[in-house]
Amino acid sequence: MFDCGEGTTRQLIICNNVSPRNLRHIFITHLHSDHYFGVPNMLYFLSSQDCDFDKTIHLYGPLGIKKYIRNALGSTHNSQKMMANLIIKELVGPRTSKEHVQSYMKHLPRKLPFENSKDNIKDLIYRDESMSCYNVTTIGNNVIQAAEIDHLRAFCVGYVIKEEDRRGAINAELLQSKYNLKPGKEYGLLKSGQDIVLDDANKTIIRSSEVCEPTVEGKKLVILGDTSNPYNISGIARNCDMLVHESTFEDEMKDECISRGHSTPTMAARFARDVNAKKLIITHFSNRYKDTQKLLGQARRTFNNTEAANDFDLFDV
Numbered sequence: 011m012f013d014c015g016e017g018t019t020r021q022l023i024i025c026n027n028v029s030p031r032n033l034r035h036i037f038i039t040h041l042h043s044d045h046y047f048g049v050p051n052m053l054y055f056l057s058s059q060d061c062d063f064d065k066t067i068h069l070y071g072p073l074g075i076k077k078y079i080r081n082a083l084g085s086t087h088n089s090q091k092m093m094a095n096l097i098i099k100e101l102v103g104p105r106t107s108k109e110h111v112q113s114y115m116k117h118l119p120r121k122l123p124f125e126n127s128k129d130n131i132k133d134l135i136y137r138d139e140s141m142s143c144y145n146v147t148t149i150g151n152n153v154i155q156a157a158e159i160d161h162l163r164a165f166c167v168g169y170v171i172k173e174e175d176r177r178g179a180i181n182a183e184l185l186q187s188k189y190n191l192k193p194g195k196e197y198g199l200l201k202s203g204q205d206i207v208l209d210d211a212n213k214t215i216i217r218s219s220e221v222c223e224p225t226v227e228g229k230k231l232v233i234l235g236d237t238s239n240p241y242n243i244s245g246i247a248r249n250c251d252m253l254v255h256e257s258t259f260e261d262e263m264k265d266e267c268i269s270r271g272h273s274t275p276t277m278a279a280r281f282a283r284d285v286n287a288k289k290l291i292i293t294h295f296s297n298r299y300k301d302t303q304k305l306l307g308q309a310r311r312t313f314n315n316t317e318a319a320n321d322f323d324l325f326d327v
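Just so we're aligned: the sequence shown equals residues 11 to 327 in my numbering.
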């Protein structure tokens, strides 16, 4: 889950497309109330879903999210009944001083009864300066990174979920019929991309490219927080299969939109074009719009493969 404003738990309950029992990771883009005030209620709800003490919920967000969660849940007796384990990891903004971090860690509220986080500066997530991004975590065969994007004075990030590339299937029938090579360690070497030399009179060389299908490139999904300028994430967002980008106001309100830290449809579409995205999903519309057709039309003038997200929509990456 990416961001969790008030009402998210209710929406998740009535949504027929996903099961809340499968939710284990929550990622927060920035600490503006409409993006994270729903986390405490969500955590309490998740802990009540057929859970046991082996269930762990991971929460990631900017420095300050841990303090908020502890204050919100530490003052209620309900926290004693929560059974799921909670681990909170915080991202440190590049302009956050060492002194501020030390003071923050020193004055953190007491750990929650069900929390397994570490209150250690070394456990914070800092930006990898060589890549200008945050290496957040790995979930299964998906690597999650983040990078800062502009949104007023807030430290705000976008997240990139990159599926690992998959090695192509090996042609076992060809190996056995042509080379009389049965399954064994040689198969693993070939599938990893290495050529091998057979222990025969001719020292026959088998090329990996001959007996293995091409590597299947993993999918890449980019989900941005609120932003008026996301270009800092371009490096890790490039060539994504899907980009989720806010589009708060119509193009005619561009100046006001930027002054509030947001983007118009054309701004979102230009970024999608510039990072060579395959598909753009626009979202985060002002409630002044009864429907999204005008916003969608403006985005499609620059980037045709655009869709507008409505509640409970599903999109294939």
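Since the hints were made in silico from the structure, they are not lab data.
Just so you know, these numbers come straight off a predicted model, no measurement behind them.
Incorrect hints may appear among the rest.
As the list claims (entries may be wrong) - Derived pair list, reagent style EDC-like, types lysine to aspartate or glutamate, alpha-carbon separation capped at 16 Å:
1. 201 to 227
2. 304 to 261
3. 300 to 321
4. 229 to 173
5. 300 to 326
6. 304 to 262
7. 288 to 321
8. 304 to 260
9. 188 to 174
10. 172 to 109
Unchecked claim - Pairwise CB distance ranges (calculated):
11. 280 to 85: 42 to 48 Å
12. 175 to 131: 33 to 39 Å
13. 131 to 303: 48 to 54 Å
14. 126 to 44: 24 to 30 Å
15. 195 to 66: 33 to 39 Å
16. 319 to 108: 38 to 44 Å
17. 131 to 209: 52 to 58 Å
18. 182 to 105: 35 to 41 Å
19. 324 to 199: 38 to 44 Å
20. 229 to 163: 31 to 37 Å
The beta-carbon is built from N, C-alpha and C at its ideal position, and this holds for glycine as well.
Hints, one by one, checked against the model:
no., hint, verdict
1, 201 to 227, "15 Å, holds"
2, 304 to 261, "10 Å, holds"
3, 300 to 321, "13 Å, holds"
4, 229 to 173, "5 Å, holds"
5, 300 to 326, "25 Å, violated"
6, 304 to 262, "11 Å, holds"
7, 288 to 321, "22 Å, violated"
8, 304 to 260, "8 Å, holds"
9, 188 to 174, "31 Å, violated"
10, 172 to 109, "34 Å, violated"
11, 280 to 85: 42 to 48 Å, "45 Å, holds"
12, 175 to 131: 33 to 39 Å, "34 Å, holds"
13, 131 to 303: 48 to 54 Å, "49 Å, holds"
14, 126 to 44: 24 to 30 Å, "28 Å, holds"
15, 195 to 66: 33 to 39 Å, "36 Å, holds"
16, 319 to 108: 38 to 44 Å, "39 Å, holds"
17, 131 to 209: 52 to 58 Å, "54 Å, holds"
18, 182 to 105: 35 to 41 Å, "55 Å, violated"
19, 324 to 199: 38 to 44 Å, "40 Å, holds"
20, 229 to 163: 31 to 37 Å, "34 Å, holds"
This entry does not satisfy hints 5, 7, 9, 10, 18, going by the numbered hints stated previously.
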